[in-house]
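*Asks:* Given the coordinates of chain A, assemble chains B, C, D, E and F onto it according to the supplied hints.
There are 6 protein chains.
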Amino acid sequence: MALVRLYDDRNAAPEAREVFDDIRKTRSNDYVNNIWRALAVHPPMLKRFWNYMKEVMVKESRLDPLTKECIYLAVSMTNNCEYCIHSHIAAARNKGMDDEILAELVEIVALANAGNRLTMGLQVEVDERFKPKFD
Amino acid sequence: MALVRLYDDRNAAPEAREVFDDIRKTRSNDYVNNIWRALAVHPPMLKRFWNYMKEVMVKESRLDPLTKECIYLAVSMTNNCEYCIHSHIAAARNKGMDDEILAELVEIVALANAGNRLTMGLQVEVDERFKPKFD
Amino acid sequence: MALVRLYDDRNAAPEAREVFDDIRKTRSNDYVNNIWRALAVHPPMLKRFWNYMKEVMVKESRLDPLTKECIYLAVSMTNNCEYCIHSHIAAARNKGMDDEILAELVEIVALANAGNRLTMGLQVEVDERFKPKFD
Amino acid sequence: MALVRLYDDRNAAPEAREVFDDIRKTRSNDYVNNIWRALAVHPPMLKRFWNYMKEVMVKESRLDPLTKECIYLAVSMTNNCEYCIHSHIAAARNKGMDDEILAELVEIVALANAGNRLTMGLQVEVDERFKPKFD
Amino acid sequence: MALVRLYDDRNAAPEAREVFDDIRKTRSNDYVNNIWRALAVHPPMLKRFWNYMKEVMVKESRLDPLTKECIYLAVSMTNNCEYCIHSHIAAARNKGMDDEILAELVEIVALANAGNRLTMGLQVEVDERFKPKFD
Amino acid sequence: MALVRLYDDRNAAPEAREVFDDIRKTRSNDYVNNIWRALAVHPPMLKRFWNYMKEVMVKESRLDPLTKECIYLAVSMTNNCEYCIHSHIAAARNKGMDDEILAELVEIVALANAGNRLTMGLQVEVDERFKPKFD
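Chains as they are written, first to last, in the numbering used here: chain A, 1 to 135; chain B, 1 to 135; chain C, 1 to 135; chain D, 1 to 135; chain E, 1 to 135; chain F, 1 to 135.
Careful: at least some of the hints might be erroneous.
Note: identical chains are not told apart, hence a pair may lie in one copy or across any two.
Stated by the list, open to error - Derived DSSO-like pairs (lysine-lysine); straight-line CA-CA distance at most 27 Å:
1. LYS131 - LYS25
2. LYS54 - LYS131
3. LYS95 - LYS59
4. LYS47 - LYS59
5. LYS25 - LYS47
6. LYS95 - LYS133
7. LYS131 - LYS95
8. LYS133 - LYS47
Since the hints were made in silico from the structure, they are not lab data.
Next comes chain A alone, as it looks inside the complex:
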């Protein structure tokens, strides 16, 4: 159970309902999922995070939509965010992720978490050739 009420169209503030509507329109989907309903406890927070998410994840850019979801998931798996893993795997499946790609993703995440600790555990110094040079 969330630590704040999950708002819906009946009890959310007008500023929050506007965001709900933008979520529906952007996704062509009537369903507003729980995180947005929880953030509606403080409408400016809801609005700010939705806009941030929309600009970074929805707007067309250099990285394709599935790659973006893989990056988002890599972070969420590293941090063990149960909600985020569930919701972004659902989103990624809509963008073409199947079990094999999911397996590849989680294995790279595991490998990187291991590699990070080998390197940090032995405090290996950065090779000169990996340091960027700007004139």
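*Replies:* Below, chains B, C, D, E and F alone, put in the same frame as chain A:
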């Protein structure tokens, strides 16, 4: 300075030198970077991690090489592994990453770390529709 | 379910029961919550952590009680400690936290987690003027 | 050394220079610190994060400015973001933090990180009374 | 519920069933626990991780089996991996861990997480004498 | 450079100097390392953490001194605490750690960090048999 000696061809054990040679061959590059030289302190550890890395990151698979590097980097940025960020940005640049893609990557990583905390901080429960069903 | 028994007055060791009584007295509240009952598995551990908590969080000091809870919660939200988030939000509500302050807190926690990754992801060096000087 | 160039007024894009000017104006201070100069590698990212920071940390709200910095620092200390710790301690000192308050802050951060692990390590379940009830 | 099917002998691929059999043989125990059944979604991943685990945790080495489990648990408690804490406490109890040793373990983990933040929070520099010297 | 002054016998408060002396006596070593000198900025904090460390790490108990250092190091490597890794590897070497044991330790830490993410990434549920039963 690493907490163990950085081995090279002159002082590494034969089993470690074999791995060094496989790294050179796999990458068509004579340079063996510091992490592998440090892991040579215990050759079985070096061999295991190199083989793991080679199978997951080098072998052809469903995800393309640049996407794999982005996933590896997303983890390394979340964990603040200075060495890994440097070495894998170098690798990613060789696979086509430019400043704009790097910026997109780091911004998704930041967004996801924020989104993870909004969700965990309020302990939002997973929507029923995000829970997988297996017959 | 905790991985150790949750002790109570009937089965806890005398040294643990003394701590239970000090918790009750310090808080003017008869209820001893689960974390203390679990720590009673090893009374010296229970005593040490309770005394640490009491000195740092209960004793009057420069920071006011609600600010201390906000700091404790910021850590717990970053680490996703479900128990700690629940228990310290309850404590914070007793010290004046309402939904709006909770929203402000979680949003700063999210923002900081994002800002940390932008900075670590790009490995930005500290400005000279931020480095402290001691004569 | 950052992994991207640190931009300044001479080589930043116009959209980035506008943000630099807003930073200067908001802070009544001519100095633009390194994180903003690095984010200028991708002006939309710079603009988004600056606006987010300004709305959450600068705009007047229920929490006072020093408390906000303490929360931001608690996260940065937990994540070991060297840059963020340095820059936000500098900001906090400008808002009244002295050595004693800094010590209190870091000790609560340490205590909470310990308490989080006692609770997670033993997987203690949340007390019924800490679960929120919404009608 | 896992995000992939938990495979068993009836529906797992032959390569996965071979790993299941090796797990049973290595442990002299017919039961294959959930993590291996989930990894069977992608048999090469299952095989790689099982072999890694077997070589590092099962093969005789300098550290005794209970110490190895304590190290694995220290990481899992720091990361709050509910599954890993449960399964490795079960394994550790089979190797001689009792409640008192578990309490000592979790208290060192808590202490270290606190000590890490005191040190990182104040950005204390490494003493010269702690830096290793190699000729 | 630490963010607070590193105190020594000449400028530390009497309560801090007493702790310095207890550190020297406990370790039969005249050297007081930097973390304690930094904590002296707030003597009660110094005293609390030193006593905590002394009771948990120095006092004889069920786990032997080297195992305790391995557990402390596993946490510090996971969190990338540069100072803690350096100082506790120095302490562990005094208690018998050689390069091979260090390699075993860091490899288990890497493996566990990988295993944690495989399990969290796929959100594998705990097997019934791993859940403890108390009458």
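*Asks:* Look at each hint and say if it fits the structure.
*Replies:* Results of checking the hints against the structure:
1. LYS131 - LYS25: Between. Shortest inter-copy distance 24 Å satisfies the 27 Å Cα cut-off; intra-copy 45 Å does not.
2. LYS54 - LYS131: between (33 Å within a copy, 24 Å between copies)
3. LYS95 - LYS59: Classified as both; 15 Å inside a copy, 24 Å across copies.
4. LYS47 - LYS59: Classified as both: same-chain Cα gap 16 Å, cross-chain 16 Å, threshold 27 Å.
5. LYS25 - LYS47: Both ways: LYS25 and LYS47 sit 15 Å apart in one copy and 25 Å across, limit 27 Å.
6. LYS95 - LYS133: Between copies only: 19 Å across chains, 38 Å inside a chain, cut-off 27 Å.
7. LYS131 - LYS95: Intra 36 Å, inter 17 Å, cutoff 27 Å: inter-copy only.
8. LYS133 - LYS47: between (40 Å within a copy, 26 Å between copies)
In this structure, every one of the numbered hints holds.
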